[in-house]
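All chains should be built: construct the whole structure from the sequences, respecting the hints.
Residue numbers (my numbering), protein chains in the order written: chain V, 1 to 217; chain B, 1 to 211.
Calculated from the structure, these hints are not laboratory results.
Where a beta carbon is used, it is the ideal one built from N, C-alpha and C, also for glycine.
Be a bit skeptical, because a hint or two may be false.
Residues on chain B that point at chain V, a partial pick, calculated with CB under 7 Å [as the list claims (entries may be wrong)]:
hint	residue
1	Gln10
2	Leu23
3	Ile26
4	Val58
5	Ile73
6	Arg93
7	Glu99
8	Asp107
9	Pro115
10	Asp116
Okay, here's what each chain looks like letter by letter:
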Amino acid sequence: MSQMTPREIVQELDKHIIGQDEAKRAVAIALRNRWRRVQVDEPLRSEITPKNILMIGPTGVGKTEISRRLARLAKAPFVKVEATKFTEVGYVGREVDSIVRDLMDVSIKMTRENAMSKVRHRAEDSAEERVLDALLPPPSRNVGFTTESEPAAADSDTRQKFRKMLREGKLDDKEIEIEIQAMPVGVEIMAPPGMEEMTSQLQGMFQNLGGNRSAHR
Amino acid sequence: MLDEEELKTQALEAVEQHGIVFLDEIDKVARQSGTQGADVSREGVQRDLLPLVEGSTVNTKYGMVKTDHILFIASGAFNVSKPSDLIPELQGRFPIRVELKSLTTEDFVRILTEPDASLTLQYSALLGTEEVSLEFDEGGVRRLAEVAFHVNENTENIGARRLHTVMERLLETVSFDASDKSGTELTVDATYVDEHLSELSQDEDLSRYIL
Chain V
1 MSQMTPREIV QELDKHIIGQ DEAKRAVAIA LRNRWRRVQV DEPLRSEITP
51 KNILMIGPTG VGKTEISRRL ARLAKAPFVK VEATKFTEVG YVGREVDSIV
101 RDLMDVSIKM TRENAMSKVR HRAEDSAEER VLDALLPPPS RNVGFTTESE
151 PAAADSDTRQ KFRKMLREGK LDDKEIEIEI QAMPVGVEIM APPGMEEMTS
201 QLQGMFQNLG GNRSAHR
Chain B
1 MLDEEELKTQ ALEAVEQHGI VFLDEIDKVA RQSGTQGADV SREGVQRDLL
51 PLVEGSTVNT KYGMVKTDHI LFIASGAFNV SKPSDLIPEL QGRFPIRVEL
101 KSLTTEDFVR ILTEPDASLT LQYSALLGTE EVSLEFDEGG VRRLAEVAFH
151 VNENTENIGA RRLHTVMERL LETVSFDASD KSGTELTVDA TYVDEHLSEL
201 SQDEDLSRYI L
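Encoded structure:
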């Protein structure tokens, strides 16, 4: 979540949108209030509800642009929807609950990206190990009776040498074969309008069915 | 390496505590005074929005999401309808009202030049790929802004988007010829703008269709 002060937010918006200071201030305050609320202790925190904003103005003066820029600044799950896309529950068309579902999808994606950038280093390390394993298969341990006799050989001299070559990029043109988990087969399903929920459930089901096979690459 | 369950919890937390929803075109679901009958996509939608804005629980495939603390920002032109045409309950849920002003010539000048990715920069960069150097001098920008403002006044006011249509029209010839004319330079000044646009901006009927 963004820690920018209202002033900083307005400055950032100023870079892209001319004028409309009142609206900029309002959204900046609203954004900052999100941060403030999180600092407040429970149980008062859950009592504080956001003050929603209504922007009024002719077309083409920056309403949508403000929201687009705000989305980038917010570092929080953000969706923009057109109110005209929805119909009342029970009629053909999207219902408003799907807004929250979309928001949740956005959030999942965001959280995943965050988490991935955190484990990036570890992932690179373990990728390196995998590559080295493939280049120098570890001496098979279950041969005869010598099962326990050579455990520390994993980081032998040759392995170190290969690691060095790998980091220097000398092995870039080598091809290796490793086992990876196959990506679950994606199944796209077209659903009648208003039944998107069912689609996502079906998709999840198909992915589980096909999942967890390994393949060679 | 990623714990899917942990991910879900975090994402859920992020939505409930920090989520922001931008509801565009809210005025289009306001009931126009005078219409009657089944209004499937207007008042009904407003009534459906109510619990969401108010705070309710929505079932998603990642679990139940409480919407109590999601921030809603609604926006609308309210050309035909007024904010007071929204159902009262919904009006009450948007305590902060801000008005955005119509743009002036001065605003247009700034829009053309100041933003990080201003239109003038965009076009210069586009033509730069053909090695045509395109520049806008102060007078040219001002004239362009005036034309845009004038057209907005006399036909439909579409705000800053007018600049796109005007700009596209202004540079139509250059854009077409640029590929054959690499290495040339062009400076857009007031005279250039007048040459290419005055005819159109004077003739109201024509600009209704073209600009």
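So which of those numbered hints doesn't the model satisfy?
none
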